[in-house]
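Colleague: Letter by letter, the chains look like this.
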Amino acid sequence: MEEEDEFAAYAAARQHHLLRTAFLLCGDPVSAQDLAQEALTNLCRAWSRARRADSVDAYARRTLINAYLRHRRRLGRDREAQRALIGEAHARDSVEQSEQRLALLAALDQLGKRSRAVLVLRYWEDMSVQQTADVLGCSEGTVKSQTSRALVRLRDLLGPQWLGPGAAASAHSEAKGIGR
Amino acid sequence: MIDQGSDAPDAVRDADTMVSGLLETLVADYGPKVDLVPAALAGARRAKRRVRVAWTAGGALVTATAVAAVLAAGATVTRSVPTAIGTEGSAPATQGAVARGSTAHAHGALDAACVGKWLPWTDQSDAVLFGKGTDAQRAVVCTEDIDTVKTVMPGFKVTPMFEPYSDGKNTDFTSDQIAQLGPGLSPNTPILKPWQYAVIQHGKPTYFYVTYSGNRADVCTGCTTSLSQPLPGPRPGYRLIAETPKTGSPVDTVEVLVETPEHTYLGIGLSPMSNGVFTPPFDVSKLVKDSRFLAALDADLGTLYGS
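Protein sequence lines correspond, in order, to chains A and B.
Each residue of the first sequence is one higher than the one before, counting from 76 in my numbering.
Each residue of the second sequence is one higher than the one before, counting from 599 in my numbering.
Mixed in with the good hints, there may be bad ones.
[As the list claims (entries may be wrong)] Listed next, the stretches of chain A that the computed footprint assigns to chain B, with coverage defined by at least 3 CB atoms under 8 Å from CB atoms of chain B: (1) 79-85; (2) 97-110; (3) 185-199.
FYI, nobody ran anything at the bench for these hints, they're computed from the structure.
As the structure is a computational prediction, the values presented were derived from the model and not from experiment.
Glycine residues also receive a C-beta, built at the ideal position from the N, C-alpha and C atoms.
Chain A extracted, bound-state conformation:
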């Protein structure tokens, strides 16, 4: 019971961050909740090991990413749920801002699952190339190339007004291995 209590305390403190990460991975609130729930359940099952890991947060993040990549079907296809979320959470925003958010979600949907995971880990979780490679179980070179392609793709989809000319420079530096 002591381990369960420990897990419960950790999960209570971190579940909303996991939900936000899951939302960025899936793109809709329903799938995000399912994904975060699955990740927390698996984390609970592996808690005896997770609690002794160097970083419990890193272990939890890896559990979430594993669950996300494991799903065969693409998550984030629930447009109605997306619109409901945008409408509810951003009611005070302008129509233009809501549409921009939907456009960004749609653009993220155009990325492959791994590319999307790379972007979320690096730009939302602030992870380094090496940390991202560890979580995804791939080489650092793969992380760099996927980041590069994902940034170029996003810029193509969203236009330069969203991801200015710097995105091209960032993508170029990723491909060349410059920076973090």
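Once you've looked at the hints, dock chain B against the given chain A.
Modeller: Quick look at chain B alone, frame taken from chain A:
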């Protein structure tokens, strides 16, 4: 933001900031008022229970599938025979150092229930504690363990635990394990669980397991009663160093911690098939003090790790 380093051009920094900002914008107000913790705890308990009872639904299926797999693959793996390892209480101390693992012992048939797809090792879950090994090596280890337990404890039936592929894939298997299992498995393919068995007496099953690690802290976290008892292993250096407290009341787990001659650690334990407490059907401490059982574990480590 992440440090770009002094060489990173400003444009790159700006773009990174912009991407981060976009993602943060998406979730800025996303804060659902849900509590996922109770369902996570309940789900974990259900999963534990499901894995443990799975054997009852498909034992015959495991056997049939296993035999078919052997015939199809033309498997030629061999195993050690427990009776060839040593006699209770009289195993020579140097015997295991000469002949350990599957290939050094007399050859016999594999237990059909032990042949099939084994859950691959990974360092991304608790599977890390149940040891490495190929399907063939696992079949040898499983056969050895089953034969030994039956020999040491007459009256008990033993069968490996398993989980249908689709159940595991949708819950606790990691992407790494799924990749290792490979494509083309049917949803009902039983995935055998390394070093995890159902021991059955009078029709009542109990979950019996062995865990292994080079780090003492990884194994038998509930073993808080310290001991230091030399064990009659096939090689000198085996010691019983801890166990779960003996309270005399029903408990949810009984486990012992054994140190090997290589200073690695084995946790050997029993717990009920479903959540709750139980009265252990046999004494695990007594079992590990039986030289035949320890010789089997020694051979297992020889097969799986070559040590």
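Colleague: Take the hints in turn and mark each one as holding or not.
Modeller: Okay, the hints, checked on the actual structure:
Interface restraint, the segment 79-85 of chain A with chain B: holds (3 residues with C-beta to C-beta distance below 8 Å; minimum three). Note: the segment 97-110 of chain A has 4 residues with beta-carbon separation from chain B under 8 Å; the three-residue rule is met and the coverage holds. By the rule of at least three residues with a Cβ nearer than 8 Å to a Cβ of chain B, the coverage given for the segment 185-199 of chain A holds, with 5 such residues.
Going through the hint list in order, the structure satisfies each hint without exception.
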